[in-house]
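K.L.:
Using the sequences plus the hints, can you model the full thing?
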Amino acid sequence: MPDILESSDPRRGNRALIQAHDVAQTGKNDAIDAAHSVATLPSSLASRPAPATLLFDQVSKWYGPVIGLNEVSLELCPGITGLVGANGSGKTTLMRLAAGHLRPDLGNVRVLGHDSWTHAAKRYIGYCPDTDTFYEEMSGRQFVETMARLHGFSRLESRRRTETCLEMAGMAGRADRCIRGYSKGMRQRIKMAQALIHDPELIILDEPMSGIDPVGRQEFIQLFTQLARRGKCLLVSSHELQELEKLTDQIAVMARGRIAAVGTLAQIRDLLDNHPLSILVATDNPRSLAGALLHLPDVVGVELGEGENLIVRARNPRGFFRALTQLVLEESCEIRHLETLDDSAQAILGYLLGTRQA
Amino acid sequence: MTSASPWKAWLYLVWLCLQRQARAHQLVWIALGLLALTTAVVGLNTLGGRWTMNHWRFPRGGGGTQLAVWVEGMGPLPGSAPALALQTALKGAARSILFQAGLSIFSNWVVFSVFLSFLLPIWSLSFATDAIGGEREARTLVWLLHQPLPRPGIYLAKYIAVLFYSLAFNLGGFALICLVGGRAGRPAFSLYWPGVVCATLAFSALFHLMGACFRRAAVVALVYSFFLETVLANMPGYMKRVSIGFYTRCMMFDEAQKFGIQPEKPYIYLPVGSLTAEWVLIGITALSLGIGMMVFSRSEYHDLN
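These protein sequences, in sequence, are chains A and B. Using my numbering, read the first sequence as starting at 1081 and increasing by one per residue. Using my numbering, read the second sequence as starting at 1432 and increasing by one per residue.
A portion of the hints provided could be inaccurate.
[As the list claims (entries may be wrong)] Stretch by stretch, here's where chain B covers chain A in the computed footprint (C-beta under 8 Å, at least three residues):
#1 1171 to 1184
#2 1195 to 1202
#3 1205 to 1212
#4 1220 to 1230
[Stated by the list, open to error] Pair ranges (Cβ atoms, derived):
#5 A:Q1302 - B:L1602: 24 to 34 Å
#6 A:Q1302 - B:L1449: 37 to 47 Å
#7 B:R1646 - A:I1391: 39 to 49 Å
#8 B:D1734 - A:S1234: 32 to 42 Å
#9 B:R1646 - A:L1409: 22 to 32 Å
#10 B:L1449 - A:D1185: 55 to 65 Å
[To be verified] Chain A side only, calculated, beta carbon under 10 Å to chain B, not exhaustive:
#11 Y1143
#12 Y1215
#13 F1233
#14 S1234
#15 E1237
#16 Q1274
#17 H1278
#18 E1386
#19 E1388
Hints were generated in silico from the structure; no laboratory data involved. These figures come from a predicted structure and were not determined experimentally. Cβ atoms here follow ideal geometry from the backbone N, Cα and C, with glycine treated the same way.
P.N.:
Have a look at this one:
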């Protein structure tokens, strides 16, 4: 890979360690909690001299009466963080707040100590938006060079950076055509190239793999990994957990404007297993099913709800659902409706079990 | 890391805005069409020698004698030589008035009624509303907003680009119309161009502000132009003082006073002095720019994604 993105921050090595520490702390301290978003800040971080690359401090954002982000606290240091969530979960709102395109109604968002809304912060942010509009009359090369010039680089320096970034994004040989003739994948690559043009510390990538072919995805994954190794902080959003799994261990799951869980996949799974889950089960014969359910090892309690509904409290959801399926087959029970009552857990569960919840 | 200069970035932004603004869009084509139409109509009138009062009829309205014919056809006054001399003098004066009325007619019909009330606002808005409004509609504003440039700087760069084209189009268009107006039109340009410049500054700043405030800025600006500038600017009393056109007219009337051009009923029109009008127009420009910068700096533009 070309070498324009030279390191400018000698503290990066330490901060990568801090991130590892954060992840470990997150796993120990945080829980999936529908009432409060997960805070990933150990208290000791407050006194740390070097600011976090990206800091969300109790951030809420409303769109009129609709809440887009609800009391989110998050701290990112160099490395790759995957952001996963269903449509409308708040991913794009979080990313646009981080990029300084939105302002929080409550709390604050800081990039290396600067308010993300200010132009001072934007010098450290590379943003690859999910929007697919460009200056269509320009060629890819002209577009990226224009972005470089808008950062204040001289013509020569802009050209040098443009060539390097186009090469990194895999567009060096085909960037002279007009953008309006580009495929979705080529557009994504141009967006990626422009996001890297000023060697930013924080790179925000909103659905960067969308429209990219498998070979391109692999190239992007390699690029992201190399950037992270150079001490860059990457925040990558996606609908697909599997896609992010290939990229990073550090995942934040979003649901209904909250960060439902943060950590490695293993940590999130452990958290979920230890977190009692409320499940509504509608059946024709609630009493006999309740009796059978109480014999399952992961069931903590069963309540008779309204009508013929049961509310089951269970640990280890994956184990519980496996056992429930077995029980239904053996006892020939008819289950009319099955619903997880805990929103956050439901969202995470949806991702972990590979069935996304909308 | 090679240092980046904010000044270089801003100057390049101005250049980029000039380039982007040069791309003809629908409203500019409409503006060009209006210019062509007006030029053609003015040209036809010039060819027909219509910028005089010779063809006016006496009494005014259909069926009367043309003023020129009426003056020439005045029979000799009975009596002495002094009476004849007086009649000749009056005839000469009447001929002169009929012939010299070109500037007044051109000013009233072309400059005040068509150019100032209609063309100038439309031409200004066709460039000014597109500067930010067009980027919002095309969803390309995101590429400017994530650059490390202060938002007021982005707004100002856009205004400079708008002003370049608005001034060129408005002054150029006005010059062309005046040129085609022949003997009646040419003095109009030298008299009224400062008013056109001041009005362009104010209209551009106001419509640019609308671009920052409204998603469909062109529609809002059109509504403003038709209702506020056309209707309100011609109403008696003080209400018209909220319109840009009023102050521009006042500047123009002041310049043209020595040619006997003034509002039809000054005691109803209540014009302000040229200097006051000039300062008001500059004030509107500065205020609109200030408010625009503030709005643009604080706006989130949810329509970008």
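K.L.:
Does each hint fit the structure? Answer for all of them.
P.N.:
Tested hints:
no. : hint                          : in the structure
1   : 1171 to 1184                  : holds (count 7)
2   : 1195 to 1202                  : holds (count 3)
3   : 1205 to 1212                  : holds (count 5)
4   : 1220 to 1230                  : holds (count 4)
5   : A:Q1302 - B:L1602: 24 to 34 Å : violated (57 Å)
6   : A:Q1302 - B:L1449: 37 to 47 Å : holds (40 Å)
7   : B:R1646 - A:I1391: 39 to 49 Å : holds (47 Å)
8   : B:D1734 - A:S1234: 32 to 42 Å : holds (34 Å)
9   : B:R1646 - A:L1409: 22 to 32 Å : violated (57 Å)
10  : B:L1449 - A:D1185: 55 to 65 Å : violated (37 Å)
11  : Y1143                         : holds (7 Å)
12  : Y1215                         : holds (6 Å)
13  : F1233                         : holds (5 Å)
14  : S1234                         : holds (7 Å)
15  : E1237                         : holds (5 Å)
16  : Q1274                         : holds (8 Å)
17  : H1278                         : holds (7 Å)
18  : E1386                         : violated (40 Å)
19  : E1388                         : violated (45 Å)
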